[in-house]
Amino acid sequence: MVESIVSTGLAIGCIYALIAITYNVMFSASRVFSFTAGTLGMLGGVLGSLFIARMGMPVAAGFLLALAGGAVLGIVTEIVAVRPVLKSLDQHLYVLSTLALALMIQQFTAIEWSTEPQPFPRLFDIARGGFDQQIWLPMLACAVVIVGLELLYRHTLIGHAILAIAEDNFAARALGLPERSLRVASFALAGVIGALAGFAGGEMLLAFFANAPMLTFYGFVPVALGGMGNNRGAVVAGLLLGLFQQTANFLVGGIFASVAVFTVFIIVLLVRPEGLAGVTFQRRV
Amino acid sequence: MAITRRQALASVGAAALASGLAKPAIAAKDPILIGYLPALTGPSSSTGVGINRGIQLAVQEINAAGGVDGRQLELITRDTQSDPTKAVNGAAELTHGQKVSAVFGPVNSGESLAVVPLLARANTPQIHPCWVDTLTDPKKYPMCFRNAPTNQQIGGAANHYVVDVLKRKKVAVVSDTTGYGTASVNTYVPMLKAKGADVVYQGNVDAANPDLKPELLRMQSAGAEAIMPWSVNAGFLSRIINTRGQMGWDVPIVGQTTLGSGQTQALLEKPEYWAKVYPNNFRPVCYAAGGKLSDRTNAFLDRLKSAKIDMGDTLLWWIALGYDSPRMIAEAMKNVGTEPEQIVGYLNKLKEFPGVYGDIAFTADKHDGYPDNEVVMVEANSLKDGAFNLAPGYGA
Amino acid sequence: MDTQATQLRPSRPNVLGSVSTFSATLPFLALLLVGISLPLFGGGYWGVIATRACVYWVLVSGLNLVVGFGGQIAIGWVALLTLGAYTTSVLVAGTVTPALPPYLALAIAAVVGAIFGLIIGLPALRLRTFYFAITTLGFATIVTQVALAWQSVTGGGVGVAGPIFPEPFASQWGFYYFCFGFAAICTWMTANIAASRFGRALTAIRDAEVAAEASGISKSALLGTVFLFSGAVAAVAGGLFAALQSYITPDAFTLDLSILFFIAILIGGRGSILGPLLGTILLTVLPEFAAPLVAWSTFLYAVLLLVIVLAIPGGIAEILDFKNRRPLESDRAIIPRPELLEPLLGAPPDAGALTLDEVALSFGGVRAIDGLDLEIRPGQVHGLIGPNGSGKTTTLNVISGYYAPQRGAVRLNGAALPVFARHRRAHMRIARTFQTPRIVGSASVLQNVMIGGTIDGEGTFVESLLSLPRHRRDEATLRDTAMLALAAVGLERLAPVRADRLQHSELRFTEIARALMLRPAFLLLDEPAAGLSAEEIERLGALILAIARAGTGVLVVEHHPDLIFDICHHVTVLNLGKILAAGTPAGIRAHREVVNAYLGA
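Protein chains in written order, with our numbering: chain A, 3 to 287; chain B, 7 to 402; chain C, -11 to 589.
A few of these clues could be false.
[Stated by the list, open to error] Here are a few chain C residues that face chain B, going by a calculated C-beta distance under 8 Å:
no., residue
1, Tyr33
2, Val36
3, Thr85
4, Leu136
5, Gln139
6, Val141
7, Val146
8, Pro238
9, Ala240
10, Glu276
11, Ala278
12, Asn401
13, Ala404
14, Pro573
15, Gly575
16, His579
In short, the hints are calculated from the structure, not lab data.
Everything numeric in this text was worked out from a predicted model, so none of it was measured.
For glycine and all other residues, C-beta sits at the position ideal for the given N, C-alpha and C.
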């Protein structure tokens, strides 16, 4: 019982953490939160099921195509919903534009793909049970992304450039860094991470359009609690969220579990709006 | 005589009202309009999609055979999208706008609850296949009929199978967090207890929860000897079946008809997990003891095959129910015409309408037309050509 | 003061010609007429759709104040519709309490809605935009889940019957008129608020929060009031919704509905009443025109939203804003009329001096201000200059209350100013302008200046809601005073123009006009000459001197040394947070260190 709660909690926590990282990567590149993060997760599962199960491609090909799909959506988000509103004086239009884009994609998926959850293929032909691939695939994906991002940001030139743009936009531009291309690249990267989350979690969550709003919310909780832009905080918070949710599901049942998660989230946020690990920052005038 | 402006306005107003109220004169060859409120899209659309295939086929056949008294049937469809607000809008259009002679649907209970009063106010006969018990009330809604079983009948059959046939006394009842799921659990648990069963587990689980193992472990440690899930969500039902299989726990799963649908089957991890799963279904569309279907059902399957209607992702009885409904309405109209009171009068005396899905009968006091004894339990993994075998030991 | 103000009201025609109030109300009258006469030409079907549009508008009108005017991204407002619907239905059904008459149940639902509107809205005061948006979604889900779980009260999944209102509202058309009546009242009330100091203050919070604070507007008090109102009407809409549906189940309160409400406001245009009204009607009616459209309706709403955000952020309201399409004169000059300052500002204040005593403030390891002494006396202009990063704006911000000094204090007449109580500064008649003009772009210049006089209004929110006499008096007085202020700074001909059409220099003078509305004892100007032409700087200087002569103590932070030397009585030069020199302009000009560090040879 406990073992099941813990393993599923950690696995699903890794998915939430990956979506949180998706939010963070987009935020780092543009100082904007995008509603499309959860939709990327959903698409990872749907595209994986489409390519491998429905169209019969080999697993590796389907995997790469699903990630490519995520990258494309990330880039589309940047071009359509983020870039045009960054220029405007009104800081909050991005909430609306990314919300609109996310809704469009969700509705389209619901109508064209299916309103019911569809099966996601078994990726590796290993027997079930024990430490099943449903459990370790999301964990592996999460570990790969964390290590990969660390290497990217600390040890490559492009990673340094992305960090520079995030930290001090004007100075970076003054140094001649191609801000726009780097931002597009960041959003593509975020798209890949989101799609990876959905793909790795596909067997557990199934290919279902309604995963999008669910992941939008549950993927944001670690961002809020871990401090915006803070990937390590997001991972810890994501794992804790997964464990909390599964425990609550078990202790108080389905309806009250979601109420419990929302309530705890809202209370924590009210007590510490910058997140448990975040930093208060103000210069408004 | 000079007419004052007020008189003129009043007469214009009266004329406008009168023309709105007067029944349009129906030319002899005008089509008969039948309103149809399925949920073809949205979260609870699997039933609607299945029923729709049957309805379309039936209407085509009736019209090909000359229609009703030479008049073609025209189905006016308004997709409710599984949303009660859209169902109300749709019902308003069908009655006030299109002025249909009768309405079939909605097919989901939440939508029907909102639509029944509206159709009653619009004096329009309604036939619907929803299960929630309170959806018929011959006194309050004399024009509303149900050509499907009630929740009581469904639960009764399932409970009877678990307690009386399989002789399991300790039962786990589980549903998802939808309206239908929670309402079912609330109805069925007292019924089980009244039969002397011991409900050792009762719970509502979030259908999106990917891991149901803790729930099943709880059921197991409470000593459950049977699991009864009530949900139309194929993902949820498949997770229960899969988890039972993973645990190697040998208990029967008895419950909602969707346990046997093609959608649920597609989501199973191993085909053998589908053993000892007994969804409810309906005798006329099941294989009898000798592995044979009734002649009526065989003929129906032939028609489906020649119309190239796919059954693999849905349930035969949905299609059959859809098929029967416009035929019943057409039958009524053939006999008594299209006036609402006449149709209702005819239905109130309907002794036995020979449907593929079941023989429907109504009286003035009973608007639930499906016979108790045709609600049966079947074996999920005996699915062949859309029909199932009766569940073992099902002698009643 | 009133008589003088009205006498001195400029009679020159304004730039866009006169704006008739009748033309503003014409669309509403047209809708009223169409709505009242609907039974004559529409059948029962359109009656249901129109009733639904009215019910939705009752909710959207309140939400409009929160989202459109206040700029709070409350996406999950369907939670209040659910609450109102269930409260009304359960009270009328008599399952928990004895059965109540429907009107009383509706009133109780309104109270419940107000309370929960406040609860759901309060996080807006603590959280950033996106976070708040997500919490409202969370609330919407919680309310639906509770409705599902609390079976003894709400009937759980099976739901509960909706209320039936007594005759004459029981029939279909009777109920339509009932809902239409509510819709009309809500339109009237929210239009009153829009044209009141509360509506303008909301737009200030939305687009120029620091300016709102500086004008004395308390964000928490205002938003709290608006959440109460918005929650109440949303709950009333819920009760009407339950009656329209005849029966409610939790699955009727979908997220799609919440999105519809929200998008109706954005499509309609923020800061408008007519726009969201048309938006609501559009989004309710649109799916009815084509059956295949129904499945795609949410997709289409999302597309509309994206198009609006990218192409026409002002929405339908911007499309309908004909008067702001007329071109403006190209050679506009700003010619202040300092003689109007005396009637505007009134008698000189008898405040003492505003002093900084040994104020020190560090950010991390950086000493932004290190032991600063400053004295601003009424009637005098004090200049603060120094290179970039010397602490000039930080000083202003300390006085305004953005930062608490780590050492020393800011004193007014000897008493230390409360730290962080930014919006109290206005009550102490300390006004300021900002380095970048903080203006509500979509409002007119006049409305922007009227924001400065918000705290002078005496009418309460309810009085504005119902357009009672005190509200109308407030508005007339504010309008006259604002016109006077605009005339004083030389911008009265641009009064009705939308502020985002103005040139940069005009915006700076607008900010000064707004600050003058407070009849300030002390005026803090943050680089007022930046971006001005030489002529404009001269006029600015004359204006500042005139303001000081009227009795106000002025602190000017500037980069233009000529302006400072021309108009200031005292000058303080900062460098690296410390005072490099202080004294008269002549003395400073000759000061060797200042010349070296800052002025050049």
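Unmet hints by their number, sorted upward, for this structure: Checked against the structure, the hints that fail are numbers 3, 6, 11, 12, 13, 14, 15 and 16, while the rest are satisfied.
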